[in-house]
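*Asks:* Letter by letter, the chains look like this.
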Amino acid sequence: MSILLNKNSRILVQGITGRSGLFHTQQCREYGSNIVAGVTPGKGGIHIEGIPVFNTVEEAVLCTKADVSMIFVPPPAAADAILESADAGIVLAICITEGIPVRDMVLARRILDTKKMNLVGPNCPGVITPGQCKVGIMPGYIHKPGKIGVVSRSGTLTYEAVKQLSDMGMGQSTCVGIGGDPISGMKFIDCLNLFNKDPDTEAVFMIGEIGGNAEEDAALWIRDNMKKPVAAFIAGVTAPTGRRMGHAGAIITGGKGRAEDKIKILTECGVTVAASPTKMGEAMRDALR
Amino acid sequence: MNIHEYQAKDILNGYFIPVPRGRVALTADQVERAAKEMGGHCVIKAQIYAGGRGKAGGVKLVQHPEQAQEFGKELFGKKLITPQTGPEGLRVRRILIEEAVEIAREFYLSITLDRESSRFCLIASAEGGIDIEEVARNSPDKIHLLNIDPFTGLQPFQARKIAIALGLTGTVCEDCVELIQNLYRCALEKDCLLIEINPLVETKAGWLMAMDAKINFDDNAMFRHREYPDMLDYSQLDPLEISAGKYDLSYIKLTGNVGCMVNGAGLAMATLDVLKEFGAEPANFLDVGGGSTREKVAEAFKIILQDCDVRGVFVNIFGGIMRCDVIAQGIIEAASEVQCRLPIVVRMDGSTVEEGKKLLLESGLNVQIGENLGDGASKIVAMLLKKTVA
Numbered sequence: 001m002s003i004l005l006n007k008n009s010r011i012l013v014q015g016i017t018g019r020s021g022l023f024h025t026q027q028c029r030e031y032g033s034n035i036v037a038g039v040t041p042g043k044g045g046i047h048i049e050g051i052p053v054f055n056t057v058e059e060a061v062l063c064t065k066a067d068v069s070m071i072f073v074p075p076p077a078a079a080d081a082i083l084e085s086a087d088a089g090i091v092l093a094i095c096i097t098e099g100i101p102v103r104d105m106v107l108a109r110r111i112l113d114t115k116k117m118n119l120v121g122p123n124c125p126g127v128i129t130p131g132q133c134k135v136g137i138m139p140g141y142i143h144k145p146g147k148i149g150v151v152s153r154s155g156t157l158t159y160e161a162v163k164q165l166s167d168m169g170m171g172q173s174t175c176v177g178i179g180g181d182p183i184s185g186m187k188f189i190d191c192l193n194l195f196n197k198d199p200d201t202e203a204v205f206m207i208g209e210i211g212g213n214a215e216e217d218a219a220l221w222i223r224d225n226m227k228k229p230v231a232a233f234i235a236g237v238t239a240p241t242g243r244r245m246g247h248a249g250a251i252i253t254g255g256k257g258r259a260e261d262k263i264k265i266l267t268e269c270g271v272t273v274a275a276s277p278t279k280m281g282e283a284m285r286d287a288l289r
Numbered sequence: 001m002n003i004h005e006y007q008a009k010d011i012l013n014g015y016f017i018p019v020p021r022g023r024v025a026l027t028a029d030q031v032e033r034a035a036k037e038m039g040g041h042c043v044i045k046a047q048i049y050a051g052g053r054g055k056a057g058g059v060k061l062v063q064h065p066e067q068a069q070e071f072g073k074e075l076f077g078k079k080l081i082t083p084q085t086g087p088e089g090l091r092v093r094r095i096l097i098e099e100a101v102e103i104a105r106e107f108y109l110s111i112t113l114d115r116e117s118s119r120f121c122l123i124a125s126a127e128g129g130i131d132i133e134e135v136a137r138n139s140p141d142k143i144h145l146l147n148i149d150p151f152t153g154l155q156p157f158q159a160r161k162i163a164i165a166l167g168l169t170g171t172v173c174e175d176c177v178e179l180i181q182n183l184y185r186c187a188l189e190k191d192c193l194l195i196e197i198n199p200l201v202e203t204k205a206g207w208l209m210a211m212d213a214k215i216n217f218d219d220n221a222m223f224r225h226r227e228y229p230d231m232l233d234y235s236q237l238d239p240l241e242i243s244a245g246k247y248d249l250s251y252i253k254l255t256g257n258v259g260c261m262v263n264g265a266g267l268a269m270a271t272l273d274v275l276k277e278f279g280a281e282p283a284n285f286l287d288v289g290g291g292s293t294r295e296k297v298a299e300a301f302k303i304i305l306q307d308c309d310v311r312g313v314f315v316n317i318f319g320g321i322m323r324c325d326v327i328a329q330g331i332i333e334a335a336s337e338v339q340c341r342l343p344i345v346v347r348m349d350g351s352t353v354e355e356g357k358k359l360l361l362e363s364g365l366n367v368q369i370g371e372n373l374g375d376g377a378s379k380i381v382a383m384l385l386k387k388t389v390a
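Top line first, the protein sequences correspond to chains E and D. Per my numbering, the first sequence starts with residue 1, numbered consecutively. Per my numbering, the second sequence starts with residue 1, numbered consecutively.
No wet-lab data here; the hints were simulated from the structure. Quick caveat, the model's predicted, so the values are computed rather than measured. Be aware that a few hints might be false.
[Said to hold, decoys possible] Calculated cross-link-like contacts (lysine-lysine; reagent style BS3-like; alpha-carbon spacing at most 30 Å):
| hint | chain 1 | residue 1 | chain 2 | residue 2 |
| --- | --- | --- | --- | --- |
| 1 | E | K43 | E | K147 |
| 2 | E | K264 | D | K142 |
| 3 | E | K43 | E | K115 |
| 4 | E | K279 | D | K386 |
| 5 | E | K279 | D | K79 |
| 6 | E | K264 | D | K253 |
| 7 | D | K357 | E | K279 |
| 8 | E | K116 | E | K43 |
| 9 | E | K279 | E | K197 |
| 10 | D | K161 | D | K204 |
| 11 | E | K187 | E | K264 |
| 12 | E | K65 | E | K144 |
| 13 | D | K276 | E | K279 |
| 14 | E | K264 | D | K276 |
| 15 | D | K36 | D | K204 |
| 16 | E | K187 | E | K197 |
| 17 | D | K79 | D | K55 |
| 18 | D | K246 | D | K79 |
| 19 | D | K357 | E | K144 |
| 20 | D | K358 | D | K276 |
| 21 | E | K187 | E | K279 |
| 22 | D | K78 | D | K55 |
| 23 | E | K147 | E | K7 |
| 24 | D | K276 | D | K302 |
| 25 | D | K276 | D | K296 |
| 26 | E | K227 | E | K144 |
| 27 | E | K7 | E | K43 |
| 28 | E | K279 | D | K253 |
| 29 | E | K144 | E | K7 |
| 30 | E | K144 | D | K358 |
[Claimed, not checked] Here are some chain E residues pointing at chain D (derived, C-beta under 10 Å):
| hint | residue |
| --- | --- |
| 31 | G208 |
| 32 | G212 |
| 33 | N213 |
The C-beta atom is built at its ideal place from N, Cα and C for all residues, glycine as well.
With the rest of the complex left out, here is chain E (with noise of 0.2 Å):
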């Protein structure tokens, strides 16, 4: 089973013609994923890589059938991408782009509460369903199949922690970037919902940052509903505290969002909680015994 993606996954690409875009996509279909087409405004009708490109989404799933869409559109254009293919009935956008500017961010997220799509990201390493399909930038050959879930707020070092789980033979039914952007699409929550429900996933592995409550609110929703063991790493113990944000950060969050916080009240929910980097692997084993 796993979640969001398998082998039947229809991908298309918008902002296929970008460099990054490209070279991704390649790097995506060497995978194994299934790119049926691509979309870039004012360059329907070519092939690339022997892939059509439309020059709207709405026309590339009429013709093609795609159901998600991997985003490589630039920042100033790249909220307007996301509810493009919201509106055109794409059941999952992951959307990579780094850089949106916060308030397209607030607008879109307003629009997709009234869609049915599901957005991974922006600002996002993508999702990869082992030895089936991976769709955005990560390294596919850190991956092996398995039965770890994982779901994080970093890039980088969530390729760190799935290299220690599959070092130590422990391979991942999916893995999730949900991306470090303030306004992402699928939160903490809804990804260990999926994971709850997913057969082929026996334990989950997360990981955070210091920075707003995700964590905590992941923490409780654990404790409450979550029936497969839990462990997870949080980045930052040692960060300076913040003094980018004025009063207001501080007051909404009520001096909440450092490290030890959230390290805390996940282990208070019972999920095993990795003392060091190193030892992400280790953490997942304990909390599998």
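For chain E, the structure is supplied; the task is to place chain D on it using the hints.
*Replies:* Here is chain D on its own, set in the frame of chain E:
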């Protein structure tokens, strides 16, 4: 991106939010002249990229132009240290001189992003002034919050509820409704992540006025606002952070002696955590980003070495798709150019790892290879110890 108080007030003024009459000065003589213009009785405010200036001695009410000049002389070139500046403090290069205003009441008002609801949020309190965080901690009931639906925007009735909660009545209440709506319009049009008026005051004459203002722009929206880069005051930034910004690197100076170069913010934070765990103190946080090129790696390396506290360098790159031999070339290039003899530990993962390692080991640099995160950290700690003993 932060801007100065006087720039934030200029912007607010453009949205019909009243601010005190004021002038910016770059010299003590200009301070005196500006004070004369205000009639002598005025407020002198140091302009730095941090809050907490009042307690650090950066703000003063003066009675005469001479007194203003004297205080100006004292402030210029002085480093103000506040809880928000860090231990090094920030040098004062610009001073704002404002007319003194008779204050009847003080409020707090801001608009910022609320991550939880994914919406902008208005925060208001009748307990204005400097210690708003304390109010939030001790009496959260005195803080009024309003999440703004981007579909409907901020409606007059919502603003009125806030104004009434602040205890305002009559015409001042209606003035406040208008002010709150203008503030939201400003936050959207100017792409502000934070816009804060603290305090917002009601003057004895019965007008609302922004006595202090702080704006933080969304860096990602820079393409819509070509004027923003010109508003930056480079004297308020760390020179290394400025050169890092040119190459799109995210660099933050820390207090230790192990320079760090990592790709990705999460992995970079985790790398700092590991170094501390092994007993080392990181000299910086540096994220070279996902798609690093040879040039970028080389520039990052040079920036790390410009920090004279650095005694050793730890490189942790999990490239995956990035080629390790290319990264190795970048490191070798930069280290040879600045004739670096410091101990270096490189931990790399990704394609062509073996070629990369070989290049590094044959380069003649004082370099060791970390096989994994823990191995790399323990190696740099050992190399530093050996050096201190020898």
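*Asks:* All hints are to be evaluated individually against the structure, with a verdict given for each.
*Replies:* Comparing the hints with the structure gives:
1. With a C-alpha separation of about 41 Å, the suggested pairing of E:K43 with E:K147 is violated against the 30 Å cut-off.
2. For the given pair, E:K264 sits about 29 Å from D:K142 by alpha-carbon distance, which is consistent with the 30 Å threshold.
3. For a cut-off of 30 Å, the pair hint linking E:K43 to E:K115 stands: about 28 Å separates their Cα positions.
4. The suggested pairing of E:K279 with D:K386 holds, with an alpha-carbon distance near 27 Å, which does not exceed 30 Å.
5. Using a Cα cut-off of 30 Å, the hinted pair E:K279 and D:K79 is violated, with the two alpha carbons roughly 43 Å apart.
6. In summary, the hint linking E:K264 to D:K253 is supported, as the alpha carbons are separated by about 28 Å, within the 30 Å threshold.
7. With a C-alpha separation of about 24 Å, the suggested pairing of D:K357 with E:K279 holds against the 30 Å cut-off.
8. At roughly 28 Å between alpha-carbon atoms, E:K116 and E:K43 fall within 30 Å of each other, so this suggested pair holds.
9. For the hint pairing E:K279 with E:K197, the CA-to-CA distance comes to about 27 Å; that is within 30 Å, so the pair holds.
10. Distance hint between D:K161 and D:K204 is fulfilled; the C-alpha atoms sit about 23 Å from each other, no more than 30 Å.
11. Simply put, E:K187 and E:K264 have alpha-carbon atoms about 20 Å apart, close enough for the 30 Å limit, and the pair holds.
12. Under the criterion of a C-alpha separation no larger than 30 Å, the hint pairing E:K65 with E:K144 is consistent with the structure, at around 29 Å.
13. The suggested pairing of D:K276 with E:K279 holds, with an alpha-carbon distance near 15 Å, which does not exceed 30 Å.
14. For the proposed pair E:K264 and D:K276, the alpha carbon gap of about 20 Å is at most 30 Å, so the pair holds.
15. A distance of roughly 23 Å separates the Cα atoms of D:K36 and D:K204; the hinted pair therefore holds under the 30 Å criterion.
16. Our distance criterion of 30 Å between C-alpha atoms is met by E:K187 and E:K197, whose separation comes to about 16 Å.
17. Restraint check: the Cα-Cα separation between D:K79 and D:K55 comes to about 14 Å, which is no more than 30 Å; the hinted pair holds.
18. Annotation: proposed proximity of D:K246 to D:K79 holds, straight-line Cα distance about 26 Å (limit 30 Å).
19. Pair hint D:K357 plus E:K144 holds up; C-alpha atoms about 25 Å apart against a cutoff of 30 Å.
20. Of the pairs offered as hints, the one joining D:K358 and D:K276 holds, with about 29 Å between alpha carbons and a cut-off of 30 Å not exceeded.
21. For the hint linking E:K187 to E:K279, the alpha-carbon distance of about 24 Å falls within 30 Å, and the restraint holds.
22. Restraint check for D:K78 and D:K55: satisfied, since their Cα atoms lie roughly 15 Å apart, inside the 30 Å limit.
23. Among the hinted pairs, E:K147 with E:K7 is consistent with the structure: their alpha-carbon atoms are about 17 Å apart, no more than 30 Å.
24. The hinted pair formed by D:K276 and D:K302 meets the criterion: a straight-line CA distance of about 23 Å does not exceed 30 Å.
25. Straight-line distance between C-alpha atoms of D:K276 and D:K296 comes to about 26 Å, which keeps the hinted pair within the 30 Å bound.
26. The straight-line distance between the Cα atoms of E:K227 and E:K144 is roughly 23 Å, inside the 30 Å bound, and the hint therefore holds.
27. The straight-line distance between the Cα atoms of E:K7 and E:K43 is roughly 28 Å, inside the 30 Å bound, and the hint therefore holds.
28. Pair hint E:K279 plus D:K253 holds up; C-alpha atoms about 27 Å apart against a cutoff of 30 Å.
29. For the proposed pair E:K144 and E:K7, the alpha carbon gap of about 15 Å is at most 30 Å, so the pair holds.
30. Under the criterion of a C-alpha separation no larger than 30 Å, the hint pairing E:K144 with D:K358 is consistent with the structure, at around 28 Å.
31. Look at E:G208: its Cβ gets to within about 9 Å of chain D, closer than 10 Å, so that hint holds up.
32. Annotation: E:G212 was flagged as interfacial toward chain D, and the flag holds, the nearest CB pair being 5 Å apart, inside 10 Å.
33. With 10 Å as the threshold, the beta carbon of E:N213 comes within range of chain D, its nearest partner Cβ sitting at about 7 Å, so the hint holds.
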